[in-house]
Amino acid sequence: MVSVRFLGPIKEESLELDIANLKDLRAILHEKAQIKPWLAMSAVAINGVLVEDANTPLKAGDEVVILPPVCGG
Amino acid sequence: MLEVVEGALNTNALYGAWSKLCVEQNLGALCVFSGFVRPEEGLEGLSFEVFMPLFEAWFGTWQERAKAQGVYLCLAHSKGDVLVGQGSYMTGLMGAHRQKALELYAPFIEDFKHNAPIYKYDLRNGQKIYAKDRSHPLKGSGLLQ
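Chains as they are written, first to last, in this note's numbering: chain X, -4 to 68; chain H, 5 to 149.
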């Protein structure tokens, strides 16, 4: 299973999903009305590293984090 | 050195620790930047959430970049609530001389604003409101749109 966590203002419970890549995740998240509006402005980290390829494979035990826009300081 | 502390920063203590470190390392210049919460339009304070794995990786990349220039970086940031008049962000750039530290000063602080994985909320009327209009999308955003 792959765990999926949502940071900051996305108030959504974490998910445990049986998925093989980010395209699978995209399809699932697009079905969630609460999450869908955030997807266009959010980045994705796998195991703490930002990724930029939607074909990135996932394996059991991976943690995917969805990161909306940031502002420190 | 990267520190994330609960609540407001003790900026005086941080300055003391960093200046001591500077002297111990035989470095002659310490350039400090501090951010304080301003009292604007009913704002009671700010609140922060930090995603540490990415924050540590971002800082590590900058520390290496700075090290190549002979500069050592210190950064402290708050998590949780910080009230008006208190400090939430402080960074120090140390070098043997001021020139290299000053060259990195603005780029480092600006990159922090755009790429440090921190979520900021305004505290108003007992509510915590995401500062969406002041926030910046991270690299690769929109991958799942």
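Rather than coming from a laboratory, the hints here were simulated on the basis of the structure. Check before you lean on any hint, since a few could be wrong.
[As the list claims (entries may be wrong)] When the alpha-carbon atoms are kept at most 16 Å apart in a straight line, the in silico EDC-like pairs for lysine to aspartate or glutamate are as follows: (1) H:Lys83 to H:Glu68; (2) H:Lys143 to X:Asp48; (3) X:Lys6 to H:Glu53.
Tested hints:
1. With a CA separation close to 25 Å, the supplied pair Lys83 (chain H) and Glu68 (chain H) exceeds the 16 Å bound.
2. Note on Lys143 (chain H) and Asp48 (chain X): the hinted pairing holds, with a Cα-Cα distance of about 12 Å set against a maximum of 16 Å.
3. Straight-line distance between C-alpha atoms of Lys6 (chain X) and Glu53 (chain H) comes to about 13 Å, which keeps the hinted pair within the 16 Å bound.
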